[in-house]
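Engineer: Each protein sequence line maps, in turn, to chains A and B.
FYI, the numbering for the first sequence is 1 to 238, going by the numbering used here.
FYI, the numbering for the second sequence is 1 to 223, going by the numbering used here.
Simulated from the structure, these hints should not be mistaken for lab results.
A few of these clues could be false.
Computed cross-link-like contacts, DSBU-like style, restricted to lysine-lysine with a CA-CA straight-line distance of at most 35 Å [unchecked claim]:
| no. | chain 1 | residue 1 | chain 2 | residue 2 |
| --- | --- | --- | --- | --- |
| 1 | A | K227 | B | K74 |
| 2 | A | K94 | A | K227 |
| 3 | B | K139 | A | K176 |
| 4 | B | K38 | B | K74 |
To spell it out: a stretch of chain A is covered by chain B in this simulated footprint if at least three of its residues, at any positions, have a beta carbon under 8 Å from a beta carbon of chain B; those stretches are [to be verified]:
| no. | segment |
| --- | --- |
| 5 | 17-31 |
| 6 | 81-93 |
| 7 | 106-115 |
| 8 | 188-199 |
Where a beta carbon is used, it is the ideal one built from N, C-alpha and C, also for glycine.
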Amino acid sequence: MSKISPSVEDAVSGIQDGMVVMIGGFGGAGAPIELIHALIDRYKATGSPGSLTVVNNNAGNGAVGIAAMIYAGMVAKMVCSFPRSSDPKAFTEKYLAGEIELELVPQGTLAERIRAGGAGIPAFYTPTSYGTQVAEGKPVAEFEGRHYVQERWLKADVALIKAEVADSKGNLTYHKAARNFSPLMATAAKTTIVQARQLVDPGGIDPEHVITPGIFVDRIVEVSDPKQEEALLREETK
Amino acid sequence: MTAKLTNAQIAWRAAQDIPDGAYVNLGIGFPEMVAKFKPDGREVIYHTENGILDFGEAPPAGEEDWDLINAGKKAVTLNPGAAFFHHADSFAMVRGGHLDVAILGAYEVAETGDLANWSTGPGSVPAVGGAMDLVHGAKRVAVITDHVTKKGEPKLVKSCSLPLTGVGCVTTVYTSLAVIDIVDRRFLLREKLPSMSVEELQAVTGAELVVGDTVADLIVPEV
Chain A
1 MSKISPSVED AVSGIQDGMV VMIGGFGGAG APIELIHALI DRYKATGSPG
51 SLTVVNNNAG NGAVGIAAMI YAGMVAKMVC SFPRSSDPKA FTEKYLAGEI
101 ELELVPQGTL AERIRAGGAG IPAFYTPTSY GTQVAEGKPV AEFEGRHYVQ
151 ERWLKADVAL IKAEVADSKG NLTYHKAARN FSPLMATAAK TTIVQARQLV
201 DPGGIDPEHV ITPGIFVDRI VEVSDPKQEE ALLREETK
Chain B
1 MTAKLTNAQI AWRAAQDIPD GAYVNLGIGF PEMVAKFKPD GREVIYHTEN
51 GILDFGEAPP AGEEDWDLIN AGKKAVTLNP GAAFFHHADS FAMVRGGHLD
101 VAILGAYEVA ETGDLANWST GPGSVPAVGG AMDLVHGAKR VAVITDHVTK
151 KGEPKLVKSC SLPLTGVGCV TTVYTSLAVI DIVDRRFLLR EKLPSMSVEE
201 LQAVTGAELV VGDTVADLIV PEV
């Protein structure tokens, strides 16, 4: 069975209302802009998929990518560590108006919750956030004289990932620090959808260099000249 | 108002205590300035939460690769021997005790080592990033800050009034007036500006300063 999609529109066609969507990237590095905008275009044309929960480190910047999803009105909730950016207006306005929900998660806890979700570990203990507002209501336990907070796994219906090279079996490499959350998210979603700058035949990636093994990847679409979110924002504000 | 150190001078002072070979995370903003003052001859390897070890200075304008950024979303370069990794590995380095030093800013530091540096309370969009993780795990957690707020109120206090980032986590505070270690849940004065008396320093500090046998002069060059 081929994992290759003929277009970004086809790749995201299974995403439905109310789904939890993990989106790779840290700031602009690793944001899968073409997959995101294919989803926005469908929402604008058909009204679906709406009421999405989006998991990302941030909550959008300017008016592209996740910020454009928020402006379009298709995001009901953000799960993130840092909903601020150089231009956070899209999220800030909706949040202060009570039109979007926020689950604030410390960055390392967010990464580990996603890792746990992909690894079949329902909960774990971390020192992070002990004694703070973020830990309110969560179980606490003592190990070797220190206090730790219980956190639960985080899983998704779909992950949208930007890769550098993919082979047709779904093995992936990434570009520099655009890797960030993507290898974790690829493991934690029921369906992982990848846009890759280059699609190669099996064997085209040295097995020693594979970062995400193909078992975690369901759909691949080649986007050979992908937009970079930060570069786009800088173009717009010139 | 007594003379005080500039932010650059506070950063310079904190940089002198980073040992050769240390793995270091510098918080976004003011703490990033510490890198500028690394003493010659010392090797320091910088970690950034978004998955790089051993990044270098910013590239010249126009040569940025926006897939090569630090946690503050600023473009960086790589030193020979740099490494990329995903976010779970990055925070394994943080919480797993592998970093030698983390340097952060602060709204308030309590004598117990509690830190408040992420939220000024209700009314704004809350954002925590990696700060709550970074304060647990690094062998030394240092804060650099002005000694008092813009209104002149102490930032070193008995207990924090703002939402906490972490409990009992800070080991050293480098301020515009002094260097203070937190030992046994108390502020132990290590260095102070020679132009100030201990009493003057105590008057702008919100909890008792423990003064040991020796208090060194805090002497920083013009930088």
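Engineer: Hint by hint, where does the structure go against what was stated? Just the numbers, ascending.
Structural biologist: 8
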